[in-house]
Each structure stands twice: as C-alpha cells, then as structure tokens.
Amino acid sequence: MCIDCGCAAPDHHHEETPRKTVRIEEDILAKNNRLAAGNRALFARQGIFSLNLVSSPGSGKTSLLEKTLADLKNEINFAVLEGDQQTANDAERIATTGVPVHQINTGAGCHLDAHMVGHGLEHFDLDSLQILMIENVGNLVCPASFDLGEDFKVSLLSVTEGEDKPLKYPQMFRASEIMLINKVDLLPYVQFDLAKCREYAERVHPGIKIFEISCYRGEGLDAWYSWLKEQAERKACRNKE
Amino acid sequence: MHELGITQSIVEIALRTAEGQQAKKIHSVTLEVGSLAGVVAEALQFCYEACSKESLLEGSRLIIEEVQAQARCRDCAVEYPLTDMLDCCPACGSASGDLFCGEELRIKEMEID
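Residue numbers (the numbering used here), protein chains in the order written: chain P, 128 to 368; chain R, 63 to 175.
Simulated from the structure, these hints should not be mistaken for lab results. It should be emphasised that the depicted structure is a prediction, and the values quoted were computed from it without experimental measurement. Using N, Cα and C, we set each Cβ at its ideal position, and we do this for glycine too. Any given hint could turn out to be false.
Heads up, simulated EDC-like pairs for lysine to aspartate or glutamate below, C-alpha to C-alpha not over 16 Å straight-line [stated by the list, open to error]: (1) R:K170 to P:E152; (2) P:K147 to R:E111; (3) P:K158 to R:E74; (4) P:K147 to R:E81.
DEER-style ranges, computed between Cβ atoms [what the hints assert, rightly or not]: (5) P:A171 to R:R78: 27 to 35 Å; (6) P:L253 to R:E111: 38 to 46 Å; (7) P:A157 to R:K115: 43 to 51 Å; (8) R:R123 to P:D252: 44 to 52 Å; (9) R:L77 to P:D252: 36 to 44 Å.
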C-alpha cells in the first residue's frame, strides 16, 4: 500500500512536497522575560524596591497591604498595582490609605504579566517611588511562571489553609524568596502545624525567609517592616552608587 | 489556565517565523516542555486548536516533546531523574538537589511548505 495516499496501487509516485523543517529554539516566555527585564532595569535605575505578592484567594494579600501601608506610608513612598480578574474593589480598599494605586483587570487571565505591569507603572510618579507592591491575581499556580521584573516574589499562606501548601504548590514556593504565614492569631482555633509548614517550605526552597504574622492583631509585623525598610534602603543606595 | 497565555505566545512566534520563511502552509509545530514546567499538555493542545483558528496554523499539529526533569545532588553530585520537585537523591538520600533540566518551555521547530 502507498504510504502517502493509502491507495492500493503499489507502483506510483507522488509529487515531492517541498516540506521543510525550520529550527526555532525560542523560549515561549521570551517576550514576557524581555519585558520583565525592561521593568527590572527601570526599577534599578530609579532605585525602586518591588515585590510580587502571590497567594491563594483570601490569604490576606490586600489586608497585608492595607496594614503595611497604614503603618509605613509616612516613612516610605509606596505605590500599589492591584491584579484581579474583575472589579476595582481591592484598589478602592488600598486607595483609602491615600497611597497611589492602579487596578489591573486581567479578564480571563489568571496572572499578571510583565507587559501589564509595564503599563501599570505609567500611572505613578516613579521619581519619588521607593517601594512598589504588586498584588498578583489570587492563584498559586500560574503566576509562578511569569516574571514581572520584581526583586522578590513573596508567597502568603494563611493558617486556615493547611500547612502542606508548599508541598502542593512547590513551583510557587520555589520561586518565592519570602514566605509570610498570615493569621497566626487563629492558631489556637485551627489545626495547623507551624513547624511542619516551615519544614515543608524549607524542603521545597532551602533558605526561604519566613515571617509569621497577623495582619489583624499585628503580631510579627515589626520584623516584616524592618526587612522591608532595610531592603528599600539597600536598593536606593545601589542606585546612587 | 495560564496555558492560554502560553499558547498565544506560541502562536505569535510560529506565525512570525512562518511569515519570515514565506510559508504557504504549516504542518506542525514542535515544543520542548519540561516535565516540571508546570503546564499541562492536554490544556496546551486544547488552547492551540482554539488559538490557531483562521490563521495559517489552523489544522496544523502541535507536537509536544517532554523533557525529563533531572537534578544534581549537592552532597554526592549524582545526577538523577525527578518525577516531582521533592524527590530525594537515590544514592545518598539527600533532599538538596539542584534541578538542571525539566523546566523548559521552548518552541523547537516547525514544519512548513
């Protein structure tokens, strides 16, 4: 049987199709990575320290921002990019602190990308900006693959979620330099093994920096604030050198 | 479903390449996807069909070649395949391996007329 057309005639020829193979060898995320590098270079030039906050929906990203901004806005100039599929609800919450905020609605998208962040920056006065907080879409899977140009990804995990999140979503915790364990004021009421959680995170990402905090009661926030201030100063200094 | 965004990038790169090559037809696009790249092959196929509609890519095959993840043990330097990120070194049991492949997300080649 002819292998080209499947007909029974054993002895016939087909026109040689000029099919050719083109090597591409291009990273599929190259465009995002290029734009992220552009954002990163801009942050470096301006001495802006930037964080990409990631978590499941409801872990307390917006609450963390509200509390942090309220407590530090007189010392540090912040701006916030808010990512959600729909609504400007989070941006409105942040706006009440008086800190400049811009809402990005991703529509069907499950993550922010470097292009959206690049345009989001057009809404801020970058000359006076010291810390940019990017609140990603609540999702522990997709944002792990998309570099935005940030200094660090910060994973937020709350004690109502289960201590094995780092094992269930290793890609995200591997990509994050920092992990915040939020809502520790609820520890007496929930079955959450803090030591195990730390151990799991360390297994997925040796050396990950962990803060235990409660945005509601304020536990642990001083250490988080000191770290933030130190990082922002370091970034600003590097810019002056 | 970040596979949708990833597929849009694939389509963009493939169509750009096809245009540069003055292709009349695209038969297939081949990807190299690491086993720990965090994308689901079935979802890519699904999105590819949707994203290639009414373009030169319509009807072409998306071929996905999986790249097996491998790590090198920090303690004994043995290289071993990983099925998930938490696999320990089979030689010494150490949990500190450095992944050196398996997170690829690359368009390798395409077949055109």
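Okay, the hints, checked on the actual structure:
1. R:K170 to P:E152: Roughly 4 Å separates the two Cα atoms, so the pair holds.
2. P:K147 to R:E111: Distance ~22 Å between P:K147 and R:E111 Cα, so the pair is violated.
3. P:K158 to R:E74: Within the cut-off at roughly 10 Å; holds.
4. P:K147 to R:E81: holds, 14 Å
5. P:A171 to R:R78: 27 to 35 Å: holds, 30 Å
6. P:L253 to R:E111: 38 to 46 Å: Holds - the Cβ-Cβ distance for P:L253 and R:E111, about 42 Å, lies within 38 to 46 Å.
7. P:A157 to R:K115: 43 to 51 Å: Between P:A157 and R:K115, where Cβ atoms are some 24 Å apart, the hint is violated.
8. R:R123 to P:D252: 44 to 52 Å: Since R:R123 and P:D252 have Cβ atoms about 50 Å apart, the given range 44 to 52 Å holds.
9. R:L77 to P:D252: 36 to 44 Å: The hinted range 36 to 44 Å holds for R:L77 and P:D252, with Cβ atoms some 39 Å apart.
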